[in-house]
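Model the placement of chains B and C on the given structure of chain A, informed by the hints.
Which chain is which? The protein sequence lines are A, B and C, in order. 1 is the number of the first residue of the first sequence in the numbering used here; add one for each residue after it. 298 is the number of the first residue of the second sequence in the numbering used here; add one for each residue after it. 567 is the number of the first residue of the third sequence in the numbering used here; add one for each residue after it.
It should be emphasised that the hints constitute simulated quantities derived from the structure, not laboratory data. Just so you know, even glycine gets a beta-carbon here, dropped at the ideal spot from N, CA and C. None of the hints are false.
Below, computed lysine-lysine pairings styled on BS3-like, alpha-carbon distance capped at 27 Å:
(1) LYS800(C) x LYS60(A)
(2) LYS303(B) x LYS105(A)
(3) LYS299(B) x LYS105(A)
(4) LYS896(C) x LYS906(C)
(5) LYS60(A) x LYS421(B)
(6) LYS966(C) x LYS659(C)
Across the chosen pairs, the derived CB separations fall in these ranges:
(7) LEU839(C) x ILE545(B): 37 to 43 Å
(8) ARG469(B) x ALA201(A): 56 to 62 Å
(9) GLY200(A) x ARG553(B): 35 to 41 Å
(10) PHE351(B) x LEU212(A): 48 to 54 Å
(11) LEU37(A) x ILE450(B): 26 to 32 Å
(12) ILE364(B) x GLY30(A): 25 to 31 Å
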Amino acid sequence: MTSLWKFDSPRHRQSKTGYWFVLPYAVFFGGFVAYPLIFSFVLLFHRWNVVTPMEWIGLKNFERLFSDPLFFKAIINTLKFLLIHIPLQMVVALGLAVLLNSKLKCRGFFRAVFFLPVVVSGVVVTILWQQLYAFDSGLLNRMLSAVGIGRVPWLIDPDMAMLSIALMATWKNVGIYIILFLVGLQDVPRELYESASIDGATRARQFFRITLPMLRPTFVVVVVLSTIGGFSLFVEPYVLTGGGPMESTLSAVLYIYNQAFYFNHMGYAATLGFVFALIILGVVLLQRKVIETEPTT
Amino acid sequence: MKATAKYLALGLGAIVFAYPFLWMITSSLKPEADIGGFGLWSTHFTLSNYAQVFERIPLGRAFLNSIIVSLSSTVSVIVFGSMVGYALARLQFKGRGALYAVVVFTMTLPFQITLIPQYILMVKLGITDTYLALVAPTLMTAFSIILFRQFFIYIPQALIDAARIDGCSELRILFRVIWPLSRPVVITVSLLTFMSSWNEVLWPLIVVRNRSLMTMPQLVTLFTIGGEAESLLGLQLAAATLLALPIIIAYSFFQRYFIESMASAGIKG
Amino acid sequence: MSRGIVRSIMLVISVCTLLWWTGCSNQKSPQGSGSGEVVELTYWPAPNPQEMQLADTLVRRWNRTHPGIQVRMQSIPVSQSTEEVLLAAIAGKTTPDVCSNIWPGALHEYTRAGGLIALDQFSDFDSIALARTPHDLLEPFRSENGRFYQIPWKTNPVMMFYNVRMFEEVGITKAPRTYSEFFAAAKKLTRDLDGDGQTDVWAGERDIRPIWWQRLFDFYPFYIAASGGKTLFKAGEPDFNDEDAKSVFMFFQECYMENYFPHTYFQGGDPFLLEKKATHFAGPWEVATLHSLAPHIRFDVAPLPVPDRHTGPVYTYGDYKNIGVFGTTKHPHEAWEFVKYLMLAEHDLLLLTITNQVPVRGDLLTNHLFSEYFRQNPKMVRFAEQAISTRGVDAAPDLKEILDAISQVYESCAVYGKVTPAEAVDGAFRRTQMIVKWNK
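With the rest of the complex left out, here is chain A:
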C-alpha cells in the first residue's frame, strides 16, 4: 500500500501526459473516423448530390442496391479478380522465395529486382502495362506473334480483361509476398529438415510435410493482405479499361467512385461502400477461420 502512495505523484503525472499524448489522435479519430462513420449511416437513408439539400428517402438506397445488376457485377468482378490473383500470387511468390532461400550468389540483387514493382506507383505500372497489353502494337503481342502464337486480346475481350488485370497486379505485388515467404522460410528450424533427411524423406516430401505446414502463419498473412488489397482495386481498371469492356473490369471501388463522382449520388455511393465493407469483413473473417482451423498436418 505504501509503495502505491509513494508512486502516486509520478503516476498522476503519467496519466496527465498520457491524455496529452493521445489528444491529437482523439481529435483525428473524431474527425476522420467517428464522424465519417456516423455520417455514412446518415447518408444511407438520403439522396444527395452535394450541391442541393439532402433528401430523406428511407430504404430506397438499399432497395436500389439489391436490384442493381451493376453492384452484383462489380462484386463478382472483384471476387473473380481475387480468385485469380491470390492463388497465382502465392504460387509465384512461394516458388521464387524457395529459390531465393537456397544457397545463392547475388541473392540481394534478385530480391531487389523482384521487389522493384512494389515500390513504384500503380499508375506507372498501369501505363506501362497498357503498352504491353495493346492489341495491335503491344510488346506482348509482338512477342507472341513472333513465336507463332498470335495476338491475344488482353484487354479487349470481356472474358479476358479481368485475367489480364490480375496478371498485372500479381506482377506488381508479388515482391511483398516473396519477402514474407522468405522470412517465413528462414524461421523453419534447420533440424526438422536434417532429421527428415536422416529418415530418408525426399526433397519434395520435405517440402510438403515440413515447409508448407510451417509456413501456415505466413499463408494467413498473405491471404488476408492480398484480399484486402484486392478489394481496393481501383487505379488499374480506372486507367487501363475504365471498367470495360462490357463492365467486365468494373471493380467495386470503381463503381463506388463512378456513382459518387460521375453521377453525384453520394447517398447511394455511401450505401454501396457500406454493404461492400460488410462483405469484405465477412470474407476476411471467413478466411481467417478456414485457414486457422485447418488441422496442422
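Using the frame of chain A, we list chains B and C on its own:
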C-alpha cells in the same frame, strides 16, 4: 545442373520484373515512330518527349505538391504516431485499453466505408482544393501507432525510469531516449508512409480539381486518360518515368530498408 | 476565303438591320423602369467563342437602347460543364438572371433545386412562344406540372453526313433512306483499298467506348427517327421498351457484325475528315468544321436511315439549348423582356450567321429575312428543314445515368454482339425504371 536451372529460373524472373521498366525508360527517350519494337536501343535518342510533357502539364509544380504532401504526412505520422504508441506502451492512464481496442478496430475498418463521408467532410469544411484536404486523412494512421507500440513495449523500463529520475519530461524521453533506440521502426514507418502517400491516386482525384494543386500521380493519371496525351506513347511513357524516378532513386539507396520495412509491416499487420 | 468575306458582309447587313430595328423600338421601350433606377441583369451564354461573340453583340445593342436595364454578360468557366456550374450556382444562390445554355436534360435537377421560375406566368408567354415556335415543338418542354420553366431557343438536329465522292465511287448516287438501303450501300462502301486483307475505309464508325453522351449521336436520334418522334419518357415514366428500340439495336448490331463499322477505337483524328468513313452522324456545326478543315471533301447531308417499314417524316434528336430565368432574379419582368429580345427574328439571323446553329422557329424557310443566309449556305437548308422534326431530351432525373445504362447495352449488343437486341432493350429499360423509381 540443378544450380543452372535455378539461376535460369531466377534470371528469367529478373528479366520479367526489370525489363518492362528498362523498356519504359528507353522508350520514353525515343521518337514516337521508334517506340513499337521491344529492343532497348535506338539511334535517335531524344529528350523531346520530356520537353513536351513539361510543356503540356505543370509537372514541376505537381512534383513539388507531391513532396509537400508526402513529407507533411510522413512527419505527422511519425511524430503523432510515436506519441500515441508511447502512451499506449509506457504511460498509465485510464482508458488505455479501450483506446488500444479503438485503434485496432480502426485498422480493420475498410476505407470504402469512410471514403464518401470523408470527402463530404472536406466539402463541408470548405477545404476541397487545398493542401490540407490532401493530407488531412493521412495525418495519423492506426497502423503506425500499432507498429510503434509494439516496438516501444520491448524497450527496457530501466532506461525510462532513469530519464524520469533525471527529471526529463515524457516528451523529451520519447524523442531523446526512445527515438534513438527505435531507428528501425521510425525508418519503417517513414518509408511506408512516404511511399503510400507518394503513390496515392484515389484521394487526390476526389478532393482536388485545381490543376496547380494536383499531385504527381494524379496529374499523370489524368494526363493519360484525359485526351491530353493524344494517345502519344512517348509522352505517356515519359510522364510515367518521371513519376517513377524519385521512388526508384530512393529505392536504390535504401533498398534494404524498403524490403525490411515491408516484411516487418506485413508480419505485424 | 470568299466564305469569310460573305460572312462579314452578312454580319454587316444583319447589324444594320438590327440598328434600324432597335432605333425603332427605342420609342416604346423600356417600360416599367421609369423611376430612374437602373436595373442590372446578368446573362450567361454558352462558353464557346461563337456564342460569346453573338452574346457580346446582342448585349451591346441592348445596353445602348435600354439605359434603364443594363445587362452584364458573364462567361461560364470553360473547365467545367455548364450543368455543374449552374447546379453549384443554384446551391450558392449565385445564379444569373438569364441563361441561354439550359440543356433540357438537366432541367429536372435545376427545378428540383428550385432554381428556375415558370415563364408562363408572363401574360404574353403563349403568344411570344407560339409566334416563333410551332406548338408541336414547344409542347415537349412543358414540365410534368404543366408549367414552362424553359423556352426553346436553338436546336442542332443530328443528321447523316455522307461523303459524295466515296458514294459515287461505288456507284451510289442517292443517300440511303432505310436500313436495307444503308446496308446495301455499306456492303459496297466498306473496302480494302490496297489489297492487304485489312479494311481501309468503312461505311461508318462510332466511338466504341461506352460514353453516355455518345448515345446522343447514335441510339437516341435513331430511336426518335424509327419511332416517328418518340422520346425515352412518356408522362414521367420510361417508355422505350418497344419494337422501335429493338430495331435500332438490330441496325447497329448488324453494322458491327458485318464490319461496316470498325471494332477498334479510332486513333489519329476524325475518320470522316480523313475520308476513312463514308457516313457520319452529326449536327450542323460539322458543316463549318468540314468547310474549314477539309474543304476538298464533297459531302451532303440527309435524314437518318429508318426501318424499312417507316412512313412519314423522319424525326431526329435536336440538341436543344433553351433559355431560362433563375429564381434569384430580382427583376423577373425585365429579365423576360431580355429573353424576348434574344429571340427576335433579327437576332435569330445573327444566331445563324455567327454560330451556324438553328433557331427553333417555324418560318426559317419562308421568312425572307433568312433567305439570303440559306442561299449562301445551302447545306444549312437541310438542317432548317429537319429542325421542325426534332425532339430534345426528356427532363428526366439522372438522364446521364440512363444514357449510361443504354451505353452499356449498346456496347454489349451492338459492338460485341453478346446480347440480343431484345435483351439489350429490356436490360436498359429495367435499369432506367430502377433509376426513376429511386428518384421518386
